[in-house]
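Protein chains in written order, with my numbering: chain A, 1 to 458; chain B, 1001 to 1443.
A portion of the hints provided could be inaccurate.
[What the hints assert, rightly or not] Anything over 10 Å on all C-beta distances counts as not near chain B; from chain A, calculated:
hint	residue
1	101
2	114
3	127
4	133
5	172
6	288
7	295
8	326
9	348
10	351
11	376
12	377
13	383
14	389
15	414
[Said to hold, decoys possible] If the Cβ cut is set under 10 Å, some of the chain A residues that face chain B in the computed set are:
hint	residue
16	181
17	190
18	197
19	200
20	411
[Stated by the list, open to error] Computed Cβ-Cβ distance ranges for the label pairs, DEER-style:
hint	chain 1	residue 1	chain 2	residue 2	range
21	B	1337	A	222	30 to 40 Å
22	B	1222	A	390	37 to 47 Å
23	A	204	B	1307	53 to 63 Å
24	B	1215	A	259	45 to 55 Å
Derived by calculation from the structure, the hints in this document are not laboratory data. We treat Cβ as the ideally placed atom computed from N, Cα and C, and that holds for glycine.
The chain contents come next:
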Amino acid sequence: MRIPFTTLISGVLLTGCVSTAIHNDLPQVRELARTSVPDGVVEGEVNASTDSQVLQALRQPVDVDAAVRIALAGNRELRALFREMGIARGRLLQAGVVPNPVVGVEFLPERNSRFELRVEYDITGLILAPASSRAASSEVDAARFRAAAAVVATGLEARADYYSFVAAEQKLAIAQQALDALAAARDAANAMRASGNAAEFTADVQIAAYERARVGVSEAELEVAHRRETLTRLFGIAGGEVIWHSSGSLPEAEHQLSVPDRVETTAIEASFALKEQRAHLEALGRQAGMASTAGWMPEIVADVHALLGHPESTETNSLGDDWRFGAGVDVRLPIFAQNRGMAGALSAEFDAQMERYIGTAVTVRSAAREARNRLVSAHARVRLYADVIVPAQQRVMEQALLQYNAMDLSVFELLNARREQLDVELARVETLAEYWTARAEFESVIAGALVHTREGAR
Amino acid sequence: MDRRSFIQLGGIAAAAALAGKSTEALAQDQAASPNRPARNVASPPAPGGQPAVVTPNGSTLPWRVVNGVKVGHLIAQEVDNEFAPGLRARCWGYNGGTPGPTLEAVEGDRVRIYVTNRLPEPTTVHWHGMILPNGMDGVAGLNQRPIPPGETYVYEFDLRHAGTFMYHSHFDEMTQIALGMVGMFVVHPRAARGPRVAHDFVLMAHEWKIDIGASRPDPLAMNDFNVLTFNGKSFPATEPLVVGRGQRVRIRLGNLGPMDHHPIHIHGLNFKVTATDGGYVPESAQSPQTTVLVPVGSTRVIEFVPEEAGDWAMHCHMTHHIMTQMGHRMTPLVGADTRRLDQRLTRVLPAAMTMGQTGMGTMGAMQMPIPENSVAMRGSPGPFSTIDMGGMFTVLKVRERPTAEDAATWYTYPPGTTVERADAQRMQADGIDTALGPDAGER
Ligand SMILES: [Cu+2]
Chain A
1 MRIPFTTLIS GVLLTGCVST AIHNDLPQVR ELARTSVPDG VVEGEVNAST
51 DSQVLQALRQ PVDVDAAVRI ALAGNRELRA LFREMGIARG RLLQAGVVPN
101 PVVGVEFLPE RNSRFELRVE YDITGLILAP ASSRAASSEV DAARFRAAAA
151 VVATGLEARA DYYSFVAAEQ KLAIAQQALD ALAAARDAAN AMRASGNAAE
201 FTADVQIAAY ERARVGVSEA ELEVAHRRET LTRLFGIAGG EVIWHSSGSL
251 PEAEHQLSVP DRVETTAIEA SFALKEQRAH LEALGRQAGM ASTAGWMPEI
301 VADVHALLGH PESTETNSLG DDWRFGAGVD VRLPIFAQNR GMAGALSAEF
351 DAQMERYIGT AVTVRSAARE ARNRLVSAHA RVRLYADVIV PAQQRVMEQA
401 LLQYNAMDLS VFELLNARRE QLDVELARVE TLAEYWTARA EFESVIAGAL
451 VHTREGAR
Chain B
1001 MDRRSFIQLG GIAAAAALAG KSTEALAQDQ AASPNRPARN VASPPAPGGQ
1051 PAVVTPNGST LPWRVVNGVK VGHLIAQEVD NEFAPGLRAR CWGYNGGTPG
1101 PTLEAVEGDR VRIYVTNRLP EPTTVHWHGM ILPNGMDGVA GLNQRPIPPG
1151 ETYVYEFDLR HAGTFMYHSH FDEMTQIALG MVGMFVVHPR AARGPRVAHD
1201 FVLMAHEWKI DIGASRPDPL AMNDFNVLTF NGKSFPATEP LVVGRGQRVR
1251 IRLGNLGPMD HHPIHIHGLN FKVTATDGGY VPESAQSPQT TVLVPVGSTR
1301 VIEFVPEEAG DWAMHCHMTH HIMTQMGHRM TPLVGADTRR LDQRLTRVLP
1351 AAMTMGQTGM GTMGAMQMPI PENSVAMRGS PGPFSTIDMG GMFTVLKVRE
1401 RPTAEDAATW YTYPPGTTVE RADAQRMQAD GIDTALGPDA GER
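Use the sequences and the hints to build the structure in full.
And the structure:
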């Protein structure tokens, strides 16, 4: 019972200290990610119930900005990462601590000296403490970068998932309209059949087509539910009791797309992954340097001792009863153990990390190019839909209606034209979702996140 | 001068009266505007008081007499033809129209006809039904080299026989005939045959496939001809034939359509077929008819004396030939209960309307929006209601005083001679009970 209790006490003491430090880290993370993260995410004890700010926000129709805010406030993985900044903080505190002196007290009843007091101090530890602290502070930087990267990545995920959700809602509405068109064709065929104007075959073909299409609507419904759950998870909503609504359909893309110059350079400069790895490299470099210094440095322990009484005194022969003082130094010579193994291991780890760092730079550049390509392509396609394809299909629909009025098209062909128009609308929504996702990805790359581009929103 | 007198006098005389120019000046005009009606021959061409033929909606080719030879000029060219108000198409024809101008001469004449080809491909002219030297017959490859685009060839021959003939291209026949390279050729007898006629009309039947919204006939069509014409016009664009009650009328029917024969029917009278493009039918072989079948590639001349005044329908009796641009892909819904469908359509396509549940006769009056340059299901106003017919349909207007009549006015019905809603008392007196079952009529 005792040990856990003390551990808890020391733990609480340590946490209190560290959580203050996290509070100090949060503004820096905000600045790095250029995103507002509420203070609440690291406040108080960890609680399983949904964040009250999140619940508040979900009562309004959720737009994309709200989705990002909610995810940043509620996402548990992100909150965990914020808390984990405390780990590095704690290690930093630990690393900066100077060695404690060793105090020895002895009673020597077999001798006349009644009492001996000895204080030893590890001087090498004292010398190495600042270097160790510097290495640990780099890890705090790394943790901050990791958190900032997670903020941007969570924001991106919120946007991408939100676009997918809204697209799924729109696609469901389109699928329902297409089903309605097929139902009209079925009704027409049934009316023809009932009045003797058509064979059973005509009606059966239309009935079958209608029934087949119901599967598509059912799938579209599942897709909406799936996309909603994806967002619900991201939002960190504890219960399924929260029914929230999107604020409407995907906005149309602007006519002109402006892509900044020097995309790769900007991405490299902003990359949190690179910053984090650089900080980690610095920490490793310092640790390696320290290990090698420590290896060559003799381990010096100084001691001071005080003696009450004379060591030669006996009960019959009292040689004195006064205080005597002495001092000494222990030096452990680094002749055999020079910490080479540790230094070598750290040095190898540094080299490995360096390779990864260079590799990450390659990935960041490539990801920047890819994000730009996807954005430019998706924008071009979205505009093609908006400016050319949708109006063209609209004209087809209008002309189909005129041809139908002129009895040159059957009602089935007319409804087919409507379904083709809905197909185009479906493709347009998919492309629009792809565009907004690509745009979010591109902006995240520019903001420093390492983005693995999604395969559109389909 | 109005249209009526134009029809009465015939193209030649009317045009000369209209122009009022010197013969020389007119002759100079002629080359520049070959499609103007005849002007250098001012009197009826036929001896014995035979009236000149009238081509409703058309014209007659002018001749210039040079050393006793009648010289004419046909120009084969693309023409813009209005089939009916709201429907125009680019066709091929002669001298600005399709059919080309009616050629009209007298038995024994020598004619010299220049043919200038302004088409993008070669052409020839075949003188259908005429007996002439083989080298003048106009069959490309067989009897002559085709006339290349931009060139002028000349035909010259004697008109040995009187009769009702035709002319048409005999190169790329399928295309050129389908696009309208046809015309009539009337040769009056030197001495009038049979009873004298007061009116002599020329009507040429043709059929076209002009897809709804298109503006050029489809020369590849073998079926589904959807525009049927007399002299290049579909009703209501067909000019009515105004004749006098009790006067003898001759109508020369020709058919150079691609595929279909036309049973031409006239209401309110009976007639006899007096001639074909093969010659005169002996009186003993003439039988009374109300319908005459005019096969592809032949002419039929009918004569009659109308005894009843009025506006009489004259039309091909194939029902699909009195429709214009009837769409055949419409969903047949006669007798269907479409309430569910209507509800659904209102949601899916608010602008769409279910059609045909009660038949199609009233559609012409609806004037629903249809594609540009099409007249599908467009009726035309009649004196009682919308006339739902189109196509190969015209009106024979039998009047007491035909020369004083405006061809555009409808017949004035004497009181008590029209169909009215049945009077209940009279029905009762006559033992008519509409509440009885379907077999009531037989009791
Ligand atoms: Cu017919």
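A quick look at each hint next to the structure:
The non-interface label for residue 101 of chain A is consistent with chain B: the shortest C-beta to C-beta separation is roughly 88 Å, beyond 10 Å. No Cβ of chain B approaches the Cβ of residue 114 of chain A within 10 Å, the least distance being about 107 Å, so the stated non-interface status holds. The non-interface label for residue 127 of chain A is consistent with chain B: the shortest C-beta to C-beta separation is roughly 85 Å, beyond 10 Å. Distance check on residue 133 of chain A: its Cβ is at least 73 Å (rounded) from any Cβ of chain B, clearing the 10 Å threshold; non-interface status holds.
Every CB of chain B is more than 10 Å from the CB of residue 172 of chain A (nearest about 17 Å), matching its label as outside the interface. Distance to chain B confirms residue 288 of chain A as a non-interface residue, since its nearest Cβ pair spans about 73 Å, more than 10 Å. For residue 295 of chain A, the condition that its CB be more than 10 Å from all CB atoms of chain B holds, with the nearest at approximately 83 Å. At roughly 104 Å, the least C-beta separation between residue 326 of chain A and chain B is larger than 10 Å, which holds for a residue marked as non-interface.
Listed as a non-interface residue, residue 348 of chain A keeps its Cβ farther than 10 Å from every Cβ of chain B; the least gap is roughly 70 Å. Listed as outside the interface, residue 351 of chain A is consistent with that label: its C-beta sits roughly 68 Å from the nearest C-beta of chain B, beyond the 10 Å cut-off. Distance to chain B confirms residue 376 of chain A as a non-interface residue, since its nearest Cβ pair spans about 37 Å, more than 10 Å. With a least CB separation of 34 Å from chain B, residue 377 of chain A remains clear of the 10 Å interface cut-off, as annotated.
Against chain B, the non-interface label of residue 383 of chain A holds: every CB pair exceeds 10 Å, the least being about 28 Å. Against chain B, the non-interface label of residue 389 of chain A holds: every CB pair exceeds 10 Å, the least being about 20 Å. Consistency note on residue 414 of chain A: stated as away from chain B, yet its beta-carbon is not over 10 Å from all of that chain's, at 6 Å minimum. The interface hint given for residue 181 of chain A holds, since its Cβ lies 5 Å from the closest Cβ of chain B, which is under the 10 Å cut-off.
Checking residue 190 of chain A against chain B by beta carbon gives a least distance of about 8 Å; that is within 10 Å, so the hint holds. A cut of 10 Å between beta carbons decides the hint on residue 197 of chain A: the least distance to chain B is about 4 Å, and the hint holds. Because the smallest distance between the Cβ of residue 200 of chain A and any Cβ of chain B comes to about 15 Å, over 10 Å, the interface hint for this residue is violated. Because the closest C-beta pair between residue 411 of chain A and chain B is about 4 Å apart, less than 10 Å, the hint holds.
Checked against the given bound of 30 to 40 Å, the beta carbons of residue 1337 of chain B and residue 222 of chain A, roughly 36 Å apart, stay inside it. Separated by about 39 Å at the C-beta atoms, residue 1222 of chain B and residue 390 of chain A satisfy the suggested range of 37 to 47 Å. About 59 Å separates the C-beta atoms of residue 204 of chain A and residue 1307 of chain B, a value consistent with the hinted range of 53 to 63 Å. Take residue 1215 of chain B and residue 259 of chain A: their Cβ atoms lie about 46 Å apart, and the range 45 to 55 Å holds.
In summary, the structure is inconsistent with hints 15 and 19 from the numbered list given earlier, while agreeing with the others.
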